[in-house]
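If you're matching them up, the sequences are chains V and W in order.
Just so we're aligned: 203 in our numbering is position 203 of the first sequence, and the numbers increase by one with no gaps anywhere.
Just so we're aligned: 282 in our numbering is position 282 of the second sequence, and the numbers increase by one with no gaps anywhere.
Hints in this document: simulated from the structure, not taken from any laboratory.
Even for Gly, the Cβ is constructed at its ideal location relative to N, Cα and C.
You may find that some hints are simply not true.
Derived pair list, reagent style BS3-like, types lysine-lysine, alpha-carbon separation capped at 25 Å [stated by the list, open to error]:
#1 V:K15 / W:K93
#2 W:K278 / W:K161
#3 W:K161 / W:K93
#4 W:K161 / W:K178
#5 W:K278 / W:K178
#6 V:K185 / W:K4
#7 W:K93 / W:K178
#8 W:K178 / V:K15
One side only, chain W facing chain V, incomplete, derived with CB under 7 Å [stated by the list, open to error]:
#9 P10
#10 S17
#11 I24
#12 L25
#13 I28
#14 I86
#15 Y87
#16 L88
#17 I101
#18 V115
#19 F123
#20 L214
#21 Y238
#22 T265
What the simulated footprint calls covered on chain V by chain W, stretch by stretch (three residues with Cβ under 8 Å from a Cβ of chain W suffice, anywhere in the stretch; the number is not a length) [to be verified]:
#23 116 to 123
#24 128 to 134
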Amino acid sequence: MAVRTLKRSRIKDAKGTTIELILLLCAVSAVAAIFLIIWFIFSEGLPFVLEAGPQFLTSSIWLPTDSFSDGSWGIFPILVGSLIVTFGAIGIGTPLGVACAVFLAEIAPPAVRRVLVPSINALAGVPSVVYGFFGLVVIVPWIRGQFGGFGTSVFASWVILSIMILPTIISISTDSIRAVPREYKEGSLAMGATQWQTIRSVMIPAASSGIIASVILGMGRAIGETMAVLMVAGNAVSIPNSIFAPVSTLTAQIALEMGYAAGAHRQALFAMGMVLFVVIMILTGLANLASRRRVT
Amino acid sequence: MPVKRREMVPLALLWASGIATLFILIVILAFILANGLPLVNWNFLTAEPSVWGQTGGGIYSTIVATLAVTGVSLAVAGPISVGGAIYLNEYTKENFLRRIIRQAAEILAGIPSIVVGLFGFLFFVIYLAPYTGGWSVLSGGLTLAFMVLPISLRTSEEALKTVPAELREGSLGLGATKWQAITTVVVPTALPGIVTGLILGLGRAIGETAAILLTAGGALNLINSLYDPGRPMTLHLYDVLTEYRDTSTAYGTAAVLIIAILAITFITDWLMNRYTNKLKGL
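Pulled out of the complex, with its shape left as it was, chain V reads as follows (with noise of 0.2 Å):
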């Protein structure tokens, strides 16, 4: 008797490791994952950025071709674009997501917040091929009849870019500000400070390492964006003199020339992903370092 039921618990013990052991495989495929794209993307991009060398990101002669020795691979003003397109859209975007996300927070009844909620998060589902649709048939016009030139431009891509981050900036900083603990502001208000008092001087900066999180990850967020970008920046491959010229950005460029690009240039292009991997990677430390950081 006792020992069918060891048997049979035995055998009940190899079916649950049996689960348990295909579960874990399944949690660790999210780990598998990164290694599988960083292996590919490095394999493809790694040996042309050493053939380059440093030229390839501080030169400003991008005239691809099939043949390593018969182009000229220098990425600055495309990575410059990437830089001035990313910085453009978290100035814009980041006084109005931090705003939305304090009224949200703090201030909103839950009426508007039963609105405003699922309202971000449909600003967040809207295909990026959406927004640049918009950006074309609206802003874009917009842009030039007001300015004059294209409308294609870096101010095109600030417009639209500020808007797609948002969802990303406002969600991570409510969270971070609803996570304030309840007496820091009841302390604040019974001490006689106002509502307003409260938010600025104990809410805002209890809550800084998530904003400041929630900036750097909508950082990430623009500097990866590429479909709408491409549609609305004009992608020429030079520093833009104004904000009303065009630019092209690492995104961009990768989707436009990937079609036809073969040999050395495909490399190329491997290489600039590579680029935006490693940024995005240093961005997303620096959001974990930052929400990790604790007020005292």
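With chain V held as given, fit chain W onto it using these hints.
Quick look at chain W alone, frame taken from chain V:
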């Protein structure tokens, strides 16, 4: 709370920012829907697109392609992400492995879609060409699975985390094995949250373009199998605009995409509210 006069300005600005955000969304949606919805009819949804270079026609083959890539990505990433979330929440404590995997999911979610597309191109289109048919909806869907996975994994894990410990203990106390407790008590309780994660992943897959551009092939013909190249709606929207400036087809396609995204937002919002209410009722 009485508001002092000199504080009216900052508070009004905060209200304005909330309203502005809502206003931006409404303007974009209203603009696309107002221009696109009148074009969306049964014929638009079920007719084949016109041949290359001509405007007009329907978007039937692109809807099929979207369903195909989305289906492939969910079929692959769905079970893996839910299984992974179950492992993280039910089989591990707050430890090193768990932190690593959560971090990995976060990084994976942050990788730009064009970079995932480059990877998908090299891995699925070139390296695994004999098995994926090269540029195909299968390659596109498998690439998208890498983007759906972290979204669904995180949401499922959050959902499982909110299942009260008493439910697990009660089930185990009645003699259920761990796996029985998971399948009969834990997962059913967390199901609305898990489904929400899958639907959010679905939304990501429907809306994705850059990764699809490099992997799915972009052929306008109706696909016969998963090994055929296809052109999902997002890519079609981009192509009709840049190749031959067919704004009317673009409006119609964008309107269909927007409706899909709005439906997803409403369903997930409703599911999450129901779920939170249900847990509160316990």
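A quick look at each hint next to the structure:
1. V:K15 / W:K93: holds (21 Å)
2. W:K278 / W:K161: holds (15 Å)
3. W:K161 / W:K93: Judged against 25 Å, a Cα distance of about 12 Å means the pair holds.
4. W:K161 / W:K178: holds (16 Å)
5. W:K278 / W:K178: The hint holds at about 24 Å.
6. V:K185 / W:K4: Between K185 of chain V and K4 of chain W the Cα gap is close to 18 Å, so the pair holds against 25 Å.
7. W:K93 / W:K178: holds (15 Å)
8. W:K178 / V:K15: holds (11 Å)
9. P10: Where the cut-off is 7 Å and the nearest Cβ of chain V is about 5 Å from P10 of chain W, the hint holds.
10. S17: Where the cut-off is 7 Å and the nearest Cβ of chain V is about 4 Å from S17 of chain W, the hint holds.
11. I24: holds (6 Å)
12. L25: Where the cut-off is 7 Å and the nearest Cβ of chain V is about 5 Å from L25 of chain W, the hint holds.
13. I28: Holds - the Cβ of I28 of chain W comes within 7 Å of chain V, reaching about 5 Å at its closest.
14. I86: Hint holds; I86 of chain W Cβ to chain V Cβ min 6 Å, cut 7 Å.
15. Y87: holds (4 Å)
16. L88: holds (5 Å)
17. I101: Where the cut-off is 7 Å and the nearest Cβ of chain V is about 5 Å from I101 of chain W, the hint holds.
18. V115: holds (5 Å)
19. F123: holds (5 Å)
20. L214: holds (5 Å)
21. Y238: With a minimum Cβ separation of about 5 Å from chain V (threshold 7 Å), the hint on Y238 of chain W holds.
22. T265: Nearest chain V Cβ about 4 Å off; hint holds.
23. 116 to 123: holds (count 8)
24. 128 to 134: holds (count 7)
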